[in-house]
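> Chain by chain, the residues run as shown.
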Amino acid sequence: GAVVSQHPSWVICKSGTSVKIECRSLDFQATTMFWYRQFPKQSLMLMATSNEGSKATYEQGVEKDKFLINHASLTLSTLTVTSAHPEDSSFYICSASASLEFFGPGTRLTVL
Amino acid sequence: RKEVEQDPGPFNVPEGATVAFNCTYSNSASQSFFWYRQDCRKEPKLLMSVYSSGNEDGRFTAQLNRASQYISLLIRDSKLSDSATYLCVVGLDNYGQNFVFGPGTRLSVLP
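So the sequence lines, in the order shown, correspond to chains A and B. Counting along the first sequence from 1, when you hit position 16 you're at 16 in the working numbering, and nothing is skipped either side. When you read off a place in the second sequence, starting at 1, and then add 112, the result is the number in the working numbering.
No lab work stands behind these hints, which were simulated from the structure alone. Among the hints, a few may not be true.
Each computed DSS-like pair below joins lysine-lysine, with the alpha-carbon atoms no more than 30 Å apart [said to hold, decoys possible]:
no., chain 1, residue 1, chain 2, residue 2
1, A, K20, B, K157
2, A, K55, B, K154
3, B, K154, B, K114
4, A, K64, B, K157
5, B, K191, A, K20
6, A, K20, A, K64
7, B, K154, A, K64
Just so we're clear, the structure is a prediction, and the values are computed from it rather than from any experiment.
With the hints as constraints, model all of the structure from the sequences given.
Right, here's the structure in full:
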C-alpha cells in the first residue's frame with residue numbers, strides 16, 4: 001500500500017504562534033489531499049479538500065484564514081494553524097488520494 | 113513492515129453473505145482499537161470500538177487478540193448498504209488520539 005507521512009508527529013506551541021504541518025505522499029502522486037481533525041473517541045471531521053495547484057475547499061464551519069492549506073505539488077500539502085489557541089489542540093490527520101485514499105499517521109498539536 | 117495491515121481486498125460478496133475482515137498491528141504497546149467505515153468520497157465514520165472481550169453491534173462483531181496483535185470484523189447478513197471501505201484503526205493511547213489507520217479493505221455487496 002501507499003505511504004503517506006506527516007511532519008511533525010507531535011508539536012507543542014505557545015498560544016498565538018503559528019504551526020505548520022506537512023503531509024507527503026511518499027510513493028505516489030496525490031491529486032487530492034484531505035485534512036481531518038480528530039476529537040477524542042469521535043469520528044474524523046473533514047476540514048478541507050485540497051487539489052494540487054488550486055485553492056482548498058473548506059467544510060462549513062472551518063475558518064479558511066485560520067487553517068491555511070497549501071498544495072503546491074502532487075506529493076506535498078501543508079496545513080498552517082495560524083495564531084493557535086488552546087482550543088485548537090487536537091489530532092490532525094491528512095490523507096492523500098489518487099484513486100484510493102491513504103491516511104497519514106497524524107500530528108498531535110498541543111497549544112499551551 | 114507497516115504498522116497496521118489489512119486484507120488487500122476488494123471483497124465482492126452477494127447480499128446475505130457473511131464477510132470477515134482481518135487486521136494486524138505491529139506496535140504491541142497499542143491501547144485502543146477501532147473499525148471505521150468510509151463511504152466513497154466521504155469522511156471515515158467510527159463504526160465500533162474493539163474490546164478484548166469482543167463486542168457485537170447488531171450484524172457486526174469485532175474481535176481483538178492482543179497476543180497475536182490481530183483484530184477482526186465480521187459482518188453477517190450483509191446488505192447493499194454495507195458497501196464501503198472498512199478501515200482498521202489502532203490507537204497508541206486510550207484517549208482516542210494518536211491513531212494509525214490501516215489501508216482499508218473495500219467491500220462491495222452485490223444484489
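> Decide, hint by hint, whether the structure agrees.
Verification of the hints:
1. For the suggested pair A/K20 and B/K157, the alpha carbons sit about 26 Å apart, so the restraint of at most 30 Å is met.
2. About 19 Å separates the Cα atoms of A/K55 and B/K154, which keeps this hinted pair within 30 Å; it holds.
3. For the suggested pair B/K154 and B/K114, the alpha carbons sit about 24 Å apart, so the restraint of at most 30 Å is met.
4. Taking the CA atoms of A/K64 and B/K157, the gap is near 24 Å; set against the 30 Å cutoff, the hint holds.
5. Pair hint B/K191 plus A/K20 does not hold up; C-alpha atoms about 43 Å apart against a cutoff of 30 Å.
6. Our distance criterion of 30 Å between C-alpha atoms is met by A/K20 and A/K64, whose separation comes to about 14 Å.
7. At most 30 Å may separate the alpha-carbon atoms for a hinted pair to count; B/K154 and A/K64 meet this at roughly 20 Å.
Violated hint for the displayed structure: number 5, the only one.
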